[in-house]
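Residue strings, one per chain:
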Amino acid sequence: MKYAYYPGCSAESTARDLHSSSIAVARRLSIELIEPDGWSCCGATPAHQTDRLLAASLPAFNLILAMEMGLDMVVNCAECFSRLKMTNHEVVNHTEIRKQIGATIGRDYDGSVNVRHFIEILLEDVGIDFLQDKFTHSLSGLKVACYYGCLLVRPQEITQFDNPENPVSMDRLINVMGGESLDWPHKVECCGAGLALTRTDVVVHLADSIIGMAKDAGADCIAVACPLCQANLDMRQSDINNEKGRHYDMPIVYISQLLGLCLGISMDALGLRKLMVSPSCVIHAVSAVV
Amino acid sequence: MTIRIKKGKAVKNIISAVEELAGVDLSECYQCKKCSCGCPVSGHTKSPPSEIIRRLQLGAGDEILSSDIIWICSSCETCFARCPMGIDMASVMDALRVLAVKRQAAKPKGDIPLFNRAFLKTVNMFGRTYDLVMIAAYKMGTLTFMNDMDKFPSMLKKRKIAILPPRGADKKTVKRIFDSVSHK
Ligand code: SF4
Ligand code: SF4
Chain A
1 MKYAYYPGCS AESTARDLHS SSIAVARRLS IELIEPDGWS CCGATPAHQT DRLLAASLPA
61 FNLILAMEMG LDMVVNCAEC FSRLKMTNHE VVNHTEIRKQ IGATIGRDYD GSVNVRHFIE
121 ILLEDVGIDF LQDKFTHSLS GLKVACYYGC LLVRPQEITQ FDNPENPVSM DRLINVMGGE
181 SLDWPHKVEC CGAGLALTRT DVVVHLADSI IGMAKDAGAD CIAVACPLCQ ANLDMRQSDI
241 NNEKGRHYDM PIVYISQLLG LCLGISMDAL GLRKLMVSPS CVIHAVSAVV
Chain B
1 MTIRIKKGKA VKNIISAVEE LAGVDLSECY QCKKCSCGCP VSGHTKSPPS EIIRRLQLGA
61 GDEILSSDII WICSSCETCF ARCPMGIDMA SVMDALRVLA VKRQAAKPKG DIPLFNRAFL
121 KTVNMFGRTY DLVMIAAYKM GTLTFMNDMD KFPSMLKKRK IAILPPRGAD KKTVKRIFDS
181 VSHK
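Taken in sequence, the protein lines are chains A and B. Letter by letter, the first sequence follows residues 1 to 290 in my numbering. Letter by letter, the second sequence follows residues 1 to 184 in my numbering.
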């Protein structure tokens with residue numbers, strides 16, 4: 001299994017842990033992830049809030065790189081995933097935008113690169129049975145609230161990822177790992193990550209309601225797949241505790257880190273020490289499969 | 001709720017500009033308000049998404065570009081996902097932002113346009129985002145140095161933020177992309 005892998009800018013800064021854990025998991029499962037040479041930022045929210053052509057051109061350049069490699073493009077960040085998918089949609093449906101992109105980049109892009117989330121690869125290409133065989137450790141009943149956030153699942157016509165109101169992809173992985181995925185109502189609520197630095201006042205409310213709901217559902221930790229959700233929910237907990245008098249201590253762990261633990265990969269390789277809220281309860285729960 | 005639209009002054013309504021930028025037909029909205037019910041920031045704004053559409057339908061002009069929702073909207077796509085008419089409200093918000101910046105509407109709380117400029121500037125320079133410089137530029141512009149300073153030491157210790165600028169991007173192509181947009 002071989003893919004073009006788009007790390008996204010956060011992989012080199014706030015989400016080195018997501019990057020290193022995904023690479024380690026992929027290696028253990030013999031998945032080959034190849035970074036396209038010269039990849040650039042997808043433009044994220046600031047680009048689509050500023051200019052439609054800019055918002056399509058930046059991802060298009062990266063998709064062209066994958067097209068030239070003749071591979072599907074694998075992504076972790078939900079924001080990048082959404083922008084890349086949106087660009088495929090733009091290029092296919094708007095010839096004018098396709099033409100303008102072609103003129104600027106000097107290469108035509110037809111929207112044909114298959115953009116897939118790392119979770120999709122695990123479920124669809126690797127398969128649950130194969131994964132189960134590879135696990136050396138179990139989450140031994142750890143209660144996990146899977147949080148999907150916005151841009152993986154919405155809008156469904158474009159992302160085509162699972163069910164937009166009640167996705168279960170991550171839940172399936174948690175259950176194969178021997179954890180207990182919780183049925184809870186905030187799987188796809190917005191945590192406000194896009195406003196993390198600009199409207200912290202609003203974000204504190206949004207993140208509070210998500211973490212509070214997970215806690216009420218009995219979660220030991222929240223599993224996420226996106227670096228923006230992770231940073232927002234992890235780093236804002238101290239502010240929420242101060243401003244709202246809560247006592248949150250909820251580890252926000254990447255699904256790739258949990259997978260890594262079950263594959264017997266070391267804590268350091270998975271970047272588990274980088275999390276702000278200590279994931280010690282998660283690490284203690286993990287036990288060897290006998 | 002009563003919506004008042006100023007009469008008398010020759011306001012040019014902006015609905016067609018919004019529809020063209022967003023590629024939507026706002027006459028299709030029949031005010032079911034599903035968008036506003038699901039909107040995570042409805043409780044934090046004076047005008048939830050369905051109200052913005054109603055105002056546009058009733059002939060709102062540039063004054064609508066100062067509505068707080070335009071910049072509180074987190075681009076979560078819930079409105080679009082749930083609209084029974086398939087109206088791409090998230091793109092409507094993007095269109096309003098483009099117009100707000102172009103027509104110099106009042107600076108919103110949190111100065112998100114400045115954040116966007118700071119973000120895109122580092123992308124233009126390095127081909128990828130450079131958090132440290134982007135955050136510094138934004139904080140300088142908004143005089144909010146102290147916000148989140150408590151998190152910095154542990155972020156540095158955990159190497160959760162890159163100190164050195166990003167390397168490896170095809171900067172030439174990225175520059176060309178930015179130039180093509182600014183010369184449009
Ligand atoms: S959900 Fe759609 S039809 Fe209903 S009020 Fe919102 S934009 Fe209008
Ligand atoms: S995209 Fe914006 S307007 Fe729509 S539901 Fe989300 S926050 Fe509200």
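These are calculated hints, taken from the structure and not from any lab test. Remember, it's a predicted structure, so these values are computed and weren't measured experimentally. Note that CB positions come from ideal geometry on N, CA and C, so glycine has one too. Be aware that one or more of the hints could be misleading.
Partial pick of chain A residues on the chain B-facing surface, computed with a CB cut under 10 Å [to be verified]:
#	residue
1	Ser-13
2	Thr-45
3	Asp-51
4	Ala-55
5	Gly-149
6	Arg-154
7	Pro-167
8	Lys-244
9	Ser-287
Hint by hint, here is what the structure shows:
{"no.": "1", "hint": "Ser-13", "verdict": "holds (4 Å)"}
{"no.": "2", "hint": "Thr-45", "verdict": "holds (6 Å)"}
{"no.": "3", "hint": "Asp-51", "verdict": "holds (5 Å)"}
{"no.": "4", "hint": "Ala-55", "verdict": "holds (8 Å)"}
{"no.": "5", "hint": "Gly-149", "verdict": "holds (8 Å)"}
{"no.": "6", "hint": "Arg-154", "verdict": "holds (4 Å)"}
{"no.": "7", "hint": "Pro-167", "verdict": "violated (12 Å)"}
{"no.": "8", "hint": "Lys-244", "verdict": "violated (15 Å)"}
{"no.": "9", "hint": "Ser-287", "verdict": "violated (27 Å)"}
Against the hints set out earlier in the document, violations occur for numbers 7, 8 and 9.
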